[in-house]
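Engineer: Line by line, the protein sequences give chains L, Z, V and W.
Quick note on numbering: numbering that gives the first Met the number 0 labels position 9 of the first sequence as 8, and the sequence is numbered without any gaps.
Quick note on numbering: numbering that gives the first Met the number 0 labels position 149 of the second sequence as 148, and the sequence is numbered without any gaps.
Quick note on numbering: numbering that gives the first Met the number 0 labels position 7 of the third sequence as 6, and the sequence is numbered without any gaps.
Quick note on numbering: numbering that gives the first Met the number 0 labels position 90 of the fourth sequence as 89, and the sequence is numbered without any gaps.
Keep in mind that a hint or two might mislead.
[What the hints assert, rightly or not] Pair ranges (Cβ atoms, derived):
1. L/Q77 - Z/R95: 13 to 23 Å
2. W/P132 - Z/T83: 30 to 40 Å
3. W/I131 - V/A111: 21 to 31 Å
No wet-lab data here; the hints were simulated from the structure.
All residues carry an ideal CB built from backbone N, CA and C; glycine is no exception.
The lines below spell out each chain.
There are 4 protein chains.
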Amino acid sequence: MNELDKPSELSEFPVIVSLPVLWGDQDSFGHVNNVVHIRWFESGRVAYMAQAGFPIVRPEAGGYGPILASITCHYRRQLSFPDTVLVGSRVTRFGRTSMTVEHAVYSQSLAALAADGQSIVVMFDYAAGKSIPVPAEVRAAIERLENKSY
Amino acid sequence: MNELDKPSELSEFPVIVSLPVLWGDQDSFGHVNNVVHIRWFESGRVAYMAQAGFPIVRPEAGGYGPILASITCHYRRQLSFPDTVLVGSRVTRFGRTSMTVEHAVYSQSLAALAADGQSIVVMFDYAAGKSIPVPAEVRAAIERLENKSY
Amino acid sequence: MNELDKPSELSEFPVIVSLPVLWGDQDSFGHVNNVVHIRWFESGRVAYMAQAGFPIVRPEAGGYGPILASITCHYRRQLSFPDTVLVGSRVTRFGRTSMTVEHAVYSQSLAALAADGQSIVVMFDYAAGKSIPVPAEVRAAIERLENKSY
Amino acid sequence: MNELDKPSELSEFPVIVSLPVLWGDQDSFGHVNNVVHIRWFESGRVAYMAQAGFPIVRPEAGGYGPILASITCHYRRQLSFPDTVLVGSRVTRFGRTSMTVEHAVYSQSLAALAADGQSIVVMFDYAAGKSIPVPAEVRAAIERLENKSY
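From just these sequences and the hints, can you work out the full model?
Structural biologist: Next comes the structure, spelled out in structure tokens:
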């Protein structure tokens, strides 16, 4: 996304994906259902990893990859169709085997943040079936993307 | 659910719903996708409110109802098809306008908890478009269901 | 969508929506799951009706609206993330109380049609709870949009 | 499912799966959204293949498996939460490389068929990336399950 088009609410987020709200995303209360935000967060994480240089590969390919340990979402405003959301993602913290991804969902119709939250992602060795320390190459790539050191 | 069939991991949860894992719940990693747990939590909340005597009604009916303010899920074990999960719900805390619902997802195939988390639910006056103090009747009904005072 | 950007495979479709394939749209076979195409068709129908001047309203608003009587989808090519699909919609036929909507899904990654199909939509009087003849205003609006008479 | 509990509307279907309608299956019209039926059909197909002795395996395992060529669903009655549906599946026809699966969705709340339809499933050699004649072992297993010859 062009920096000029990025709303100030997302200025700290290096990776933004633009996603349409679908009519079918709404539940019987007439608003976007709470599971949809979690799907948006996922799309944001996947885009983040791809932009950092680590596209998501299927476990069959071997090697390591991120798996989700926990997720939190704060629902700030009710959304409805039609709308387009901008989903921002950034890494705010590294643990030994994990990293924290912050998410923000900006509604273009409301011109406001509609939700935010965070994911804890663990680096996982698919063949060994266990978590591993965050590889130095992943951390370095994220530091380049975020333009800072953790 | 018959108390005799309830796994000990769910013994503190007064409301349990049994839900099948669907083949289509799995994502390209071959495990149940993280959004599915959030849908399970929702099904648990809806069942809880119904069992307390407050079935979910659509906002058009007027009156008040619960809306979701935030959700957290901890993914403990990877699930896959086929399986059946038991989703436990209980209310652990009341705020002035909110209540905290704890969730636990038990996998029958794994005979273990697969996920847990919590929702913060706010009581909302649909006509007025704003949150309201938890009505005394709701609190009383939940105290009966939980067999305790908050 | 700008006519110049419209692929020739969609040249007969007056309404096109562009939708991103999400990572989570993929099932455990590693391809976009078959239910996702049905959601895309729905998004196409909703956009079509809006562009014809009949945005989808909730039944509570009274009046009439379209309900889905049947759907068919032919899966032509397997899709995967990342990709963007263009979903074309057009009305090809009117019955007394129904109309036939044709759908086509074009994959930008494959530069080819990935799926096509049709929906039969029935005009429904929400208050009366029964189907009604297609209102003359709906038919006229669609004839304008399609630039033809049926 | 016990034959005694099987509704007469499903008497011709050798494989039945029982699935709960979830609150979140409903869309903003307050009824079960049309994509949900397609997910139910999928769950029926998967159960059918498993009961015939061919559980769904991921393509990485090599060999062959069924892929969906087309699907049709007729929506007969509007469904809503709470309800439980019984989804019947049967194979009605073999082509050289394909078979036709018929689906029926019975609503326990309505005590009536709510939807029916069919899938065309093609046998696919994952390694070769092309369809293959329906293997004799698959056809024999289905003839045993259906208790007839095609």
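Engineer: It remains to establish, for every hint, whether it holds in the given structure.
Structural biologist: Hints, one by one, checked against the model:
no.	hint	result
1	L/Q77 - Z/R95: 13 to 23 Å	21 Å, holds
2	W/P132 - Z/T83: 30 to 40 Å	36 Å, holds
3	W/I131 - V/A111: 21 to 31 Å	23 Å, holds
Consistency note: the structure conflicts with none of the earlier hints.
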